Amino acid sequence: MNRYNRHIILSEIGQTGQEKLLNAKVLVVGAGGLGCPVLQYLAAAGIGTLGIIDFDVVETSNLQRQVLFGTSCLGQNKAEAAKKRLEDLNDEISIIAYPEKLTYQNAIDLFKQFDIIVDGSDNFETRYLVNDACIITNKPLVFAAIYKFEGQVSVFNYENGPSYRCLFPNSPKKDAVPNCSEMGVLGVLPGIVGSMQANEVLKIILGIGNVLSGKLLCYNALNSQTFILRINKSETEIAKVLKEQSDFHKKQLIENCDFITSEISIKDISTFENMQFIDVRELHELPKIESIHITSIPLSELENSINKIDTEKQKVVFCQSGIRSKQAVSILNKANIKNCYSLKEGVEQIIDAYEVLKTSQN
Amino acid sequence: MKITVKYFGMIAETTQCEEEIIDFSGNFISDFLKILHSKYPELKNKGFQVAQNQELVSLETGVTGGEIALLPPFAGG
Numbered sequence: 001m002n003r004y005n006r007h008i009i010l011s012e013i014g015q016t017g018q019e020k021l022l023n024a025k026v027l028v029v030g031a032g033g034l035g036c037p038v039l040q041y042l043a044a045a046g047i048g049t050l051g052i053i054d055f056d057v058v059e060t061s062n063l064q065r066q067v068l069f070g071t072s073c074l075g076q077n078k079a080e081a082a083k084k085r086l087e088d089l090n091d092e093i094s095i096i097a098y099p100e101k102l103t104y105q106n107a108i109d110l111f112k113q114f115d116i117i118v119d120g121s122d123n124f125e126t127r128y129l130v131n132d133a134c135i136i137t138n139k140p141l142v143f144a145a146i147y148k149f150e151g152q153v154s155v156f157n158y159e160n161g162p163s164y165r166c167l168f169p170n171s172p173k174k175d176a177v178p179n180c181s182e183m184g185v186l187g188v189l190p191g192i193v194g195s196m197q198a199n200e201v202l203k204i205i206l207g208i209g210n211v212l213s214g215k216l217l218c219y220n221a222l223n224s225q226t227f228i229l230r231i232n233k234s235e236t237e238i239a240k241v242l243k244e245q246s247d248f249h250k251k252q253l254i255e256n257c258d259f260i261t262s263e264i265s266i267k268d269i270s271t272f273e274n275m276q277f278i279d280v281r282e283l284h285e286l287p288k289i290e291s292i293h294i295t296s297i298p299l300s301e302l303e304n305s306i307n308k309i310d311t312e313k314q315k316v317v318f319c320q321s322g323i324r325s326k327q328a329v330s331i332l333n334k335a336n337i338k339n340c341y342s343l344k345e346g347v348e349q350i351i352d353a354y355e356v357l358k359t360s361q362n
Numbered sequence: 001m002k003i004t005v006k007y008f009g010m011i012a013e014t015t016q017c018e019e020e021i022i023d024f025s026g027n028f029i030s031d032f033l034k035i036l037h038s039k040y041p042e043l044k045n046k047g048f049q050v051a052q053n054q055e056l057v058s059l060e061t062g063v064t065g066g067e068i069a070l071l072p073p074f075a076g077g
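Protein chains in written order, with our numbering: chain C, 1 to 362; chain D, 1 to 77.
Check the hints yourself; a few may be wrong.
Below, in silico cross-link-like pairs of lysine to aspartate or glutamate (DMTMM-like), each with a Cα-Cα straight-line distance of 20 Å or less [to be verified]:
| hint | chain 1 | residue 1 | chain 2 | residue 2 |
| --- | --- | --- | --- | --- |
| 1 | C | Lys-215 | D | Glu-67 |
| 2 | D | Lys-6 | D | Glu-20 |
| 3 | D | Lys-2 | D | Glu-42 |
| 4 | C | Lys-233 | D | Glu-55 |
| 5 | D | Lys-46 | C | Glu-348 |
| 6 | D | Lys-6 | D | Glu-55 |
| 7 | C | Lys-233 | D | Glu-60 |
| 8 | C | Lys-250 | C | Glu-263 |
| 9 | C | Lys-288 | C | Glu-355 |
| 10 | C | Lys-148 | D | Glu-13 |
| 11 | C | Lys-215 | D | Glu-55 |
| 12 | C | Lys-148 | D | Glu-18 |
Treat the hints as calculated values from the structure; they're not laboratory data. Bear in mind that the values here come from a model prediction, so they are computed numbers and not experimental data.
Whenever a hint applies, use it, and build me the whole structure from the sequences.
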């Protein structure tokens, strides 16, 4: 126990406290800007079982803030690369890497295996998924989120306290908030905010201090100001989640990266040459397109049909009305396929535009 | 009454300031937001919660004076 000597000699922790840490099981969702400092301090503190779930791989642009990774990790899965680094930091604990995406299908079974869930994800969809799964499995959620120079920290669902939905009931309107990891961020900010999350985890396990439950702490790195806001529990919001829990595993994550989704209007399409038109409607949907050469890939099959995408040509993705095509472009962008545009209008307008263009050429 | 308004995250980018004082004579938070919406039309498209004197409030809450803060959700990690 020499490793933990500086903990044990604190009267607030002692041998008993350190044993509590060693018996604790903490799951960290996302090994990114926030996840890295959280994991680093929790592993060093001797949390007995640390779970890490992340489907993403380490990229050069991550190294500015994701301090568990080095250049030798580029291209590796983040959960696995983090596990490797953390095992070197502390070989006396058990670290489990889940190199996969957190989904409505795997969240409940996964959360049940841990005592505390830490949210270090980078999009609203996952944040609401994590929150709702914590309500259903009754696990405390140590939350943090960052934006440029500012961070928000709170502990939700702790000892019957409020949840994230009691603060922000619904996922923001599309386009209202940029929600992709491509946002600029001061490198040290997730370090500070993630360390606050690690601190909350330790306080919960040790039962010391005041847990940041029922409060949202806002931190601004530029003026070093903190602002604490009181949040009341909304029984209605929590009841809604519990009421829908039987359908939880049927829900699907929608990739939501609207602010980088490029849209194109039919008016801006002046040629049908050298372009790939991708129809993401389901195969049975009408009207069918016969006159124009198109590639038909229903949205549900897109992720597994990336090989049908022409990497050379400009791509215009369309559906019935321009909603699914936006999701499709997000999926393609995630798969590193460039030059994809979502058609603002829909299939009918494509057919009309093609007819007009053909007539004018004849 | 004079209200100190605090803006966070992307809301502060819209208002181009983090804090300002606004003279207000209405009753409810919804009235107060109307003033902000006319001053900053772009706010209508932004999602945020309102806190009065560091407590989350709804549109129907009465304005009591002091400080009102506009907090947007952040997604980044």
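Verification of the supplied hints:
Distance check on the hinted pair: Lys-215/C and Glu-67/D sit about 17 Å apart at the alpha-carbon level, within 20 Å; holds. A hinted pair counts as satisfied when its Cα atoms are at most 20 Å apart, and Lys-6/D with Glu-20/D qualifies at roughly 7 Å. With a CA separation close to 23 Å, the supplied pair Lys-2/D and Glu-42/D exceeds the 20 Å bound. Taken as a hint, the Lys-233/C and Glu-55/D pair is honoured in the structure, with Cα atoms around 12 Å apart against an allowance of 20 Å.
Using a Cα cut-off of 20 Å, the hinted pair Lys-46/D and Glu-348/C is violated, with the two alpha carbons roughly 32 Å apart. Proximity of Lys-6/D to Glu-55/D is assessed by CA-CA distance (about 13 Å); at most 20 Å being required, the pair is judged to hold. With a C-alpha separation of about 18 Å, the suggested pairing of Lys-233/C with Glu-60/D holds against the 20 Å cut-off. Only pairs whose Cα atoms come within 20 Å are accepted, and Lys-250/C paired with Glu-263/C is rejected, the gap being roughly 30 Å.
Proximity of Lys-288/C to Glu-355/C is assessed by CA-CA distance (about 15 Å); at most 20 Å being required, the pair is judged to hold. Taking the CA atoms of Lys-148/C and Glu-13/D, the gap is about 11 Å. The hint holds against a cut of 20 Å. Of the pairs offered as hints, the one joining Lys-215/C and Glu-55/D holds, with about 9 Å between alpha carbons and a cut-off of 20 Å not exceeded. A threshold of 20 Å between alpha carbons decides the hint, and for Lys-148/C with Glu-18/D the separation of about 14 Å falls inside it, so the pair holds.
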